[in-house]
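Work out the full structure, taking the sequences as your base and the hints as a guide.
If you read the sequences in order, they're chains A and B. Sequential numbering of the first sequence, starting at 1, is according to the numbering used here. Sequential numbering of the second sequence, starting at 1001, is according to the numbering used here.
Because the hints were derived from the structure by calculation, they are not lab data. Warning: the hint list may mix true and false statements.
Once the Cα atoms are required to be at most 20 Å apart in a straight line, the calculated SDA-like pairs of lysine to any residue come out as [claimed, not checked]:
(1) A:K5 with B:Y1138
(2) B:K1115 with B:V1128
(3) B:K1227 with B:H1195
(4) B:K1078 with A:S233
(5) A:K5 with B:Q1077
(6) A:K229 with A:L164
(7) B:K1184 with B:K1227
(8) B:K1018 with A:F166
(9) A:K237 with A:R90
(10) B:K1018 with A:T86
(11) A:K237 with B:P1020
(12) B:K1078 with A:R240
(13) A:K237 with B:D1071
These figures come from a predicted structure and were not determined experimentally.
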Amino acid sequence: MRSLKTISFSGFLYFYYSIIAMVRQAQYGIQILFLPALGLSIFLAVFAATKMVHGNTQTLFFPFLVYNFINFPLGAVMQGSFHMFTNPSRSNVYLATPTSLNALLGIFLGDSWTMLIGNLMGVLVAAIIVRPVIFPLPAILAMALLLLFLVPSVWLGMAMGMRLLFAHQLSQFVFLGLFVIIALPTSLPWLWVIAPFTAVLYLFNQSQIAWQPFWLGLAGTAFWWILSKFFLSLAYKQYRLGLGVDRR
Amino acid sequence: MTQPIILANDIRKTYPTKPPVTALAGLSLSVFPGETLALLGPNGAGKTTFIRILLGILLPDSGHIQVGGQDPIQSPQKVADQIRFVPEQPFLETSWTLWQNARFWFSLWQEPWDKKRVTDILRRFDLVHRADEPLTRYSRGMQQRAGLALALATHAPIIVLDEPTLGLDVLGVQETIDVLQEAKQLGKTILFASHDMSFVESIADRIALVAHGRVLEVNETQAFRKKHGKEYVVLRYRPHGSEELVTQRIRANGHFSEEQLWREVIDRGDSLVELKRELQPLSMVIQEYLQHLPELEERSELS
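Laid out in structure tokens, this is it:
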């Protein structure tokens, strides 16, 4: 309980102060417009390719939204975690706090939200370009699943960044390769469990509430919570033995 | 007799790398409440590994360790309640103000927010007038001082620092000495690792000499200095003196020359009056009298 309070409060402070710092820095020029460039560049490349083959560009918006909500908690946290753990003087000061690894979880969650806010501009640009049709009720369910999936993504990103020596390259692969979700089938119930973001995409495309994909997606998200928490515990156990990315 | 607040017994750690690297080979140490103890040793001696084990971040292969009666291996969170760790790099978020950092770090340290206490400490360290500025506008020394000040503003009785003067200029080192002197006044127990001898000398109550993953010796600073310290005189040569005699002296004593200044090691117990008399016909005068702890690299058992 004490940890949960610290994670949520410190995560909120990290997010809030980072946004304030971003706004202050934005006063120094238009460079703030480069913030969404990272995600938007992928979207624009796929958009151009779809346009070229006379494909339906409208279908690109929701995969792009989902991509943003997975890539930043997973790929960017993996990169952030890698850089933090390869610099032990920085990671150790967080690990030496009473909530230890959970302190970092709060920070990475806060950081993910900061990056998401930055990328929201990219999502808005994408929405203006493709003008997606949004059905409010299924969209609320889809967003709920997506937000719940954020936590295991952060845990998995942290675990890989702490343990894998090539996490930096892997995070770049995630950043570029994750947009493959556009090609995944979204109507397979077993896939909703294994990859809950396919259930999210399915829900976004429904005009009425569909409970089956929601529950199966929720079960899949719970599965990823357990699995990623296990990976994180294992990675930290091995880090404490001296097998972290800062090993000699 | 006072019980040690930190007690380490026969700590061993070999990193499971290829090939394995032995960092600690039976390190034992006691730190008593309210004292300032320096871990003095060259790079690679095992100081940082020991600190990481002490903080519960790294697991030793064997040995026993207790911090305030708690085991950092089994209960790192209980140990973390008692220790504030300040690493060698400034650890605060540089794009935030010092107030924002204070609020954030107090939440991580699970300390009740006490603005008055923090203000008092920041005032004491001459930081309160700039606490609303982002830390990007601070010098590195000031950032380090700010991190240390926040750690001191908490109720934790132990402060652990790893190479606190690394990368600091002369002014930054002096600032760190001043801050740690203040910390001593607050009654904190301070354990720090350093290979900067003059810094260690100016702040530590006791010195633990660490090399090859072991503590070779623990002694009070005065006693340590007396045992290992070398006394130097800096001599200035007057150009109108006898160059031949001066050259002979330089060769005989093996000291170095720099323009018209020489640093010469003298034996302890040498009378400065006698030395002056000896130097007179050489047209040399004592410019400065210094006392230093031994250069670590000069000591064969450390390398």
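Flag every earlier hint the structure violates by its number, smallest first.
1 and 7
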